[in-house]
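So you can see what is in the structure, the chains are spelled out below.
There are 8 protein chains.
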Amino acid sequence: MTHLPDQGPQPGIHDLGYARLDTDRLERTGDAEVVYGAGKTPEQVVELLRTLHATHPGNAVLATRLTVEAQEAVAAALSAAVVDPVGRTAVLGTPPALRGTVAVVAAGTSDAPVAAEAATTARVFGANVEVITDVGVAGLHRILGVRERLDAADCLIVVAGMEGALPSVVGGLVGVPLIAVPTSVGYGASFGGVAALLGMLNSCAPGVTVVNIDNGFGAGVFAARVARRAAPRETKDDV
Amino acid sequence: MTHLPDQGPQPGIHDLGYARLDTDRLERTGDAEVVYGAGKTPEQVVELLRTLHATHPGNAVLATRLTVEAQEAVAAALSAAVVDPVGRTAVLGTPPALRGTVAVVAAGTSDAPVAAEAATTARVFGANVEVITDVGVAGLHRILGVRERLDAADCLIVVAGMEGALPSVVGGLVGVPLIAVPTSVGYGASFGGVAALLGMLNSCAPGVTVVNIDNGFGAGVFAARVARRAAPRETKDDV
Amino acid sequence: MTHLPDQGPQPGIHDLGYARLDTDRLERTGDAEVVYGAGKTPEQVVELLRTLHATHPGNAVLATRLTVEAQEAVAAALSAAVVDPVGRTAVLGTPPALRGTVAVVAAGTSDAPVAAEAATTARVFGANVEVITDVGVAGLHRILGVRERLDAADCLIVVAGMEGALPSVVGGLVGVPLIAVPTSVGYGASFGGVAALLGMLNSCAPGVTVVNIDNGFGAGVFAARVARRAAPRETKDDV
Amino acid sequence: MTHLPDQGPQPGIHDLGYARLDTDRLERTGDAEVVYGAGKTPEQVVELLRTLHATHPGNAVLATRLTVEAQEAVAAALSAAVVDPVGRTAVLGTPPALRGTVAVVAAGTSDAPVAAEAATTARVFGANVEVITDVGVAGLHRILGVRERLDAADCLIVVAGMEGALPSVVGGLVGVPLIAVPTSVGYGASFGGVAALLGMLNSCAPGVTVVNIDNGFGAGVFAARVARRAAPRETKDDV
Amino acid sequence: MTHLPDQGPQPGIHDLGYARLDTDRLERTGDAEVVYGAGKTPEQVVELLRTLHATHPGNAVLATRLTVEAQEAVAAALSAAVVDPVGRTAVLGTPPALRGTVAVVAAGTSDAPVAAEAATTARVFGANVEVITDVGVAGLHRILGVRERLDAADCLIVVAGMEGALPSVVGGLVGVPLIAVPTSVGYGASFGGVAALLGMLNSCAPGVTVVNIDNGFGAGVFAARVARRAAPRETKDDV
Amino acid sequence: MTHLPDQGPQPGIHDLGYARLDTDRLERTGDAEVVYGAGKTPEQVVELLRTLHATHPGNAVLATRLTVEAQEAVAAALSAAVVDPVGRTAVLGTPPALRGTVAVVAAGTSDAPVAAEAATTARVFGANVEVITDVGVAGLHRILGVRERLDAADCLIVVAGMEGALPSVVGGLVGVPLIAVPTSVGYGASFGGVAALLGMLNSCAPGVTVVNIDNGFGAGVFAARVARRAAPRETKDDV
Amino acid sequence: MTHLPDQGPQPGIHDLGYARLDTDRLERTGDAEVVYGAGKTPEQVVELLRTLHATHPGNAVLATRLTVEAQEAVAAALSAAVVDPVGRTAVLGTPPALRGTVAVVAAGTSDAPVAAEAATTARVFGANVEVITDVGVAGLHRILGVRERLDAADCLIVVAGMEGALPSVVGGLVGVPLIAVPTSVGYGASFGGVAALLGMLNSCAPGVTVVNIDNGFGAGVFAARVARRAAPRETKDDV
Amino acid sequence: MTHLPDQGPQPGIHDLGYARLDTDRLERTGDAEVVYGAGKTPEQVVELLRTLHATHPGNAVLATRLTVEAQEAVAAALSAAVVDPVGRTAVLGTPPALRGTVAVVAAGTSDAPVAAEAATTARVFGANVEVITDVGVAGLHRILGVRERLDAADCLIVVAGMEGALPSVVGGLVGVPLIAVPTSVGYGASFGGVAALLGMLNSCAPGVTVVNIDNGFGAGVFAARVARRAAPRETKDDV
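Protein chains in written order, with this note's numbering: chain A, 4 to 242; chain B, 4 to 242; chain C, 4 to 242; chain D, 4 to 242; chain E, 4 to 242; chain F, 4 to 242; chain G, 4 to 242; chain H, 4 to 242.
Derived by calculation from the structure, the hints in this document are not laboratory data. You may find that some hints are simply not true.
[Unchecked claim] Derived Cβ-Cβ restraints for the label pairs, each shown as a range:
id : chain 1 : residue 1 : chain 2 : residue 2 : range
1  : F       : Thr58     : E       : Gly33     : 46 to 52 Å
2  : G       : Pro235    : A       : Ala41     : 35 to 41 Å
3  : E       : Val89     : D       : Tyr21     : 44 to 50 Å
4  : H       : Gly61     : D       : Tyr21     : 34 to 40 Å
5  : E       : Thr58     : D       : Pro60     : 54 to 60 Å
6  : D       : Ser82     : E       : Gly33     : 43 to 49 Å
7  : E       : Gly33     : A       : Ala41     : 33 to 39 Å
8  : G       : Ala100    : C       : Glu75     : 29 to 35 Å
[Stated by the list, open to error] Just a few of them, taken from the derived set where beta-carbon distance is under 7 Å, the chain G residues facing chain B:
id : residue
9  : Ala100
10 : Ala168
11 : Ser171
12 : Ser187
13 : Gly189
14 : Ala192
15 : Gly195
16 : Ala198
17 : Ala208
Beta carbons are placed, not taken as given, at the ideal position from N, Cα and C, and that holds for glycine.
Chain A with its partners taken away, still in its complex shape:
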């Protein structure tokens, strides 16, 4: 069944047939488009990464949510790409000079994939990144022991599943802008991350914002934007 002919070429759009890349986005928002790997074939991921890289040679370009097959295809086809099996990301090219620091804080070891996605994203989007893991609230000495490093960052990403209490505790310790990322870690009445999401939305610590469940990418974009426009701080001796 032949449909009527589709739309013709438009400025600011690169049409690959199965996708139309928004090549104008870097100009418009300061950041290039990203390859969201879910539902795409390994071949499409490779082609999209290559095309984006050709369009933006002076930036790093990113692919997220890659299947194992897509990771292998990228590694085979694009030797310059850096593939992270934990965060399921691939990066091609080098970001411009990094500015500011994002600290990614994760409650438990099961939150590592989301934390890794957030960390990689923030760096691709132009910020230095520090990762602090396994500091859940059931052992407070762990998070209290890194308080100064939290305070020295320009933006915090706090990743937690289950009851999602870590952002409230961190948000009470320091006044750094804090993005909470609920993860789908948990079972039963965690409802795939809903319990953590609700906990974070209702945090008693002021100044906590939240992204979608497992959305390390969105948190990384946001945090990089905050960090890279932050004025240099005098107290960041320890970074």
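Dock chains B, C, D, E, F, G and H against the given chain A, drawing on the hints supplied.
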């Protein structure tokens, strides 16, 4: 265990044992019954399509939600059938003269299967169809660039997942009747399309109606009924 | 606390301080903006209606969801206005020549306010309107008795609360485009209209679309747009 | 790790180690215990059926929710058993003289497994059973054509998925006690049968009761208890 | 705004303007229509009761969900009416000879209004009624003490709020058909009766059916239909 | 409408007409029945308290969820009663010698009513009680400053609304049995306490149990039962 | 009933009996504690504001969610306070030199209270604030007309109810860090702001973070923290 | 992509790279950390068990939620470990002298895995354990037959799926502290254990606390803490 004998033959019903075709529907509603493929065997799909086609030789008959196996069985058994692996549909026969135009608009590439099902259905049900894809709201120039084509249609089907914002934007641009189709594209708090569904039900643009998640078929039926009874428009030069 | 100065005047916008009327909407979509009365003071409703009427003297302008106080204020201040206490609407001015016919069908007497809002809206937006009430599915002879009138309409609005089954029954009787409106009539597990909403979204009759709970206005806008562009039908002898 | 010794033998309980059969139930409630197959191994199903049959030689005993493997194991081990692959049940033994009639009515072909489970259960629990299928509300002539047979039954079981409207329509046609069974047939906003469940709980037809989603068994037990204690009716000439 | 003329008179319908009584229902289903008082004015309730009584002089007619004002209006206008302030019902006229027995069992004192509505309804619909209250599962000796009376009934209505466990316990004691009615008694995670509703739908006792939250009326209709067609039992010496 | 006669007297039950007191409960469970004030008239509360006190003169008896009117009626009629307007409770009589210690810990000042209900209940049920308030996790020094007092208790009740993170923090600090009580304090996505409830059910600290939203009473009963059977601890010097 | 003595004085805490102010928070996080007015008496609000002001004379202190009574009490008792009836806030004292700019963008006039709370909060927490209202997506020219002003801000707060689509559109236009605030504006399937919340969490525009429904305060705190540490921008000529 | 260096060593933490063991927990809370097996490789489970055992040679250490592969790896690598395939646990080492008794009560055979996890956990955490299975409320004689044994325990764990009614019945029989564990046993409207969870949270029996769905571990920890600090009881002759 033998149950009591089942009901006997009834007028307007064609009994195949595992299904009773409502052969009276074309007379009653102007449209023939359709084969809903989910849960049916490839053999049943083939037989149902063949039977419907024999009953309604002057119409196109449609099967939806076909598994890959069912698609292959239809292609093998019914050489005249047109099978669409993207929309997972099969069509047998030719629709009567097409009247009016339905524009199917999709936000992202992941929404393609639902858009294809809607487009095929609208055409089988008697309308011309135009497809416009990958015009999500995060790059407004894409949708603004097709405004005139939207305005020229007799009915719009707008397909979107995630937050489902596209119908609100389109509904503010033109006054054409608009059916919004939420898709299950998304993750986490998209809850399998619920976020998009709620967004569309609460659209601030007046005159937006909504169908079930991923229900391209229902939107196609409705839009074709609107388009094919629309009076010809003077401004549709570009179609 | 003085904030920075707000935005200046913009074309296509009439700024009243507490609201900015989109005076360009008639040009853009074919329909003027409407006063949504919820949360507005009686004085604001009166001023908005008067301003819209002055901007669009050749059209009828509409206010919906009016409190009793707002209804009384409109009646007192705008003697030409037609106030409907059942549908909680007010209309000022006369719509252009009406085209096509919308049939508004309501399941029970408790659905009357939503049906009235839908009917008034459809007429203000330019369609003839016919209202058929109290034809719930628990007494099928009532809906079967009006089948021909349903079939003669250009668009149907079917209003129902509780289990919301009426659209499925009507949608199986005729092939006219059908918009289902769930109402918040019910108790317990009706969850304020959610049961009816879900029932309508899952209708087994093809070609049913749905609007938000109690959204007679949205259904009226949509139906009028369908009806007024419909070609005259030969079979509508009985209207 | 050895736990303290478990409880010893108790009257009215037959302990098989992995299950304790409530052999007193027939005496207490008039009906023997049933083998719920979900989560049990084929061997356990066979042994439980055999044990129940030995305990209640004068009754039929029933196993439900059998996997294909369990069905095959029962057929191989218990040659007297009647296995139904549609309803996923097995029956061993003969029920006492059947009394009264249960009519099982199903909306669509996809509802067949639940209808079959209900029908088999009602017969094992002592009632005559009549099955009427594919009479969904989108083609009313189908259900209107069997009105007299519905009226002649002592109890009705009405099975439907999607919007679950059929019980409301049937409940408005006849005054026979009616048990509605929502099925998980549907997609998207059907939420695995929740839409149908809510629709049935909110039925506008008086005297409709509801069981859990896909619970043909529960409906069958209840209906049989109603039918077998019903006084013979004078009007049931057609049964 | 004048709408097109409404539908004319139809057989089997008594049109009061604000409502159309289904006077054919008694013929069709064996039971007369009922006045659902929610959302109706006291005057409407009085007129509807009077009209129904005039149409069905040989039956009792019922009004439910009456406000205090409506109860007072009925008592003042219709001296023959029996008004029950606990169940919020009014009854006019006498039911035909009662047949069979319905036992209404309530868990707690807060469930009394729903139990009273169920009891009155069952009697109006033609069954003898026995009421057993305050037999919640937290004091098992209370329900065990009435086991024989439960067993002697033809149909049971079991009313409970909070966790809704009583139907499971009763359903394990006797084999009488059992309708469970969840009530909105509770707080917090009872979600207005949802916890009890879910508990009853998932009852481990076979043969439990459920109606909507607080729907004593629906349970009463159903139970009366079961009881009045039950054959006389030999063991009911104690009734 | 006269129903059949209700049940006669039963041992272990004191029938007041509108309620049947389970006077056997003290014997059976070690604790007397309690007056749940919600939905009861002030006169009923007074009579129930007086009756319970007369039945159990050696114990304290408790009424909860009292309206202001009920509180005043109790104070006027029962001069020996202790009424707490914060926790909305009344106590009549003296508990036996208190054993063990329950520490009630509350996150914020808005949680005070629930904490007070828990504290009063625990004391009536026989435990010493210590109250620690306003130690929310957004200021960790507050909870860290009372760590030794937490450790010295025999059972902890931790009350919190919003995200409900306090039990996780406390549960990581000490190994005392901990009952978490979610409160309805919050707004928006707290959903009346659901966010706190889910947070507590998913606590990453082992050994946290939970009661219903705002259920200070239930927590108090449970904690007293734990505390009063605890063996004296050697380290409780500071209590 | 006398409980055991409560905890004694602690450093960093100012105990008012009904509340314990966290006077250490300014030192710890850079921002003073705030008076959350919900559930507090007018007298408590006045005393808390006065105490916070005395503790932090060099800062502005803020009270939010004030009832009309509390607003009047503050205006009467604290003549230096600035009370905003729209945002329901009161401010006492002057913030230090403002740094950076927060733009608060609201979709509709009904969102004004939440936008006002956000704007006042951001200024009290040390940022310049610009407010842009009534730029909903159904009239795109309104938001496109202010694109440059959006781009010039250091942080954006985007407030919207109903479907909450505005953040996706704004987030596609500029690369400024963006905090989305869902409001409870809407009806039916908006579920008190849930639809907007889900829409924002699933935004297809990268870099959108979200706060609780109606939480203008939280968004203001976060945005001020971002803005006041932002390096001066060269392109902000138009501010 | 190389991130900045991670945090260095900290006291009370044993860093294995993929996890940081909280070796201080035994000191802090009286109980060692536990290996939560979900999402861990068999090799990680073995190493974590071995490390924990080496750190706490005088205690038993526990791993839960083990896959079949992890169970086999533990059995192969750690010959002293006791692996329970029903409860999916492994235990290494011997607990100190057991004190007090926990009774684990399960409603149905399908609840066995959760009951086994609870029983093993309670014993590892230092309590004697008694297991009572298959005593669901639909056959009350089963639970009434073990009443004395329930009364003799120091703490009860009551495990049930479906409607979760067993804790209410047990909580009305004895006054022993009772922890209810909802299981995900059920289908349809059980929603994976939500129905049982809500039922238990709303139990009408006072003093019932609840843990997450299927959380036998949490219940075991809590119950052991209660039991092992309970004073010896005089009435426990039958244990």
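Which numbered hints does this structure break?
-> Hints 7, 8, 9, 12, 15 are the ones this structure does not satisfy, whereas the remaining hints hold.
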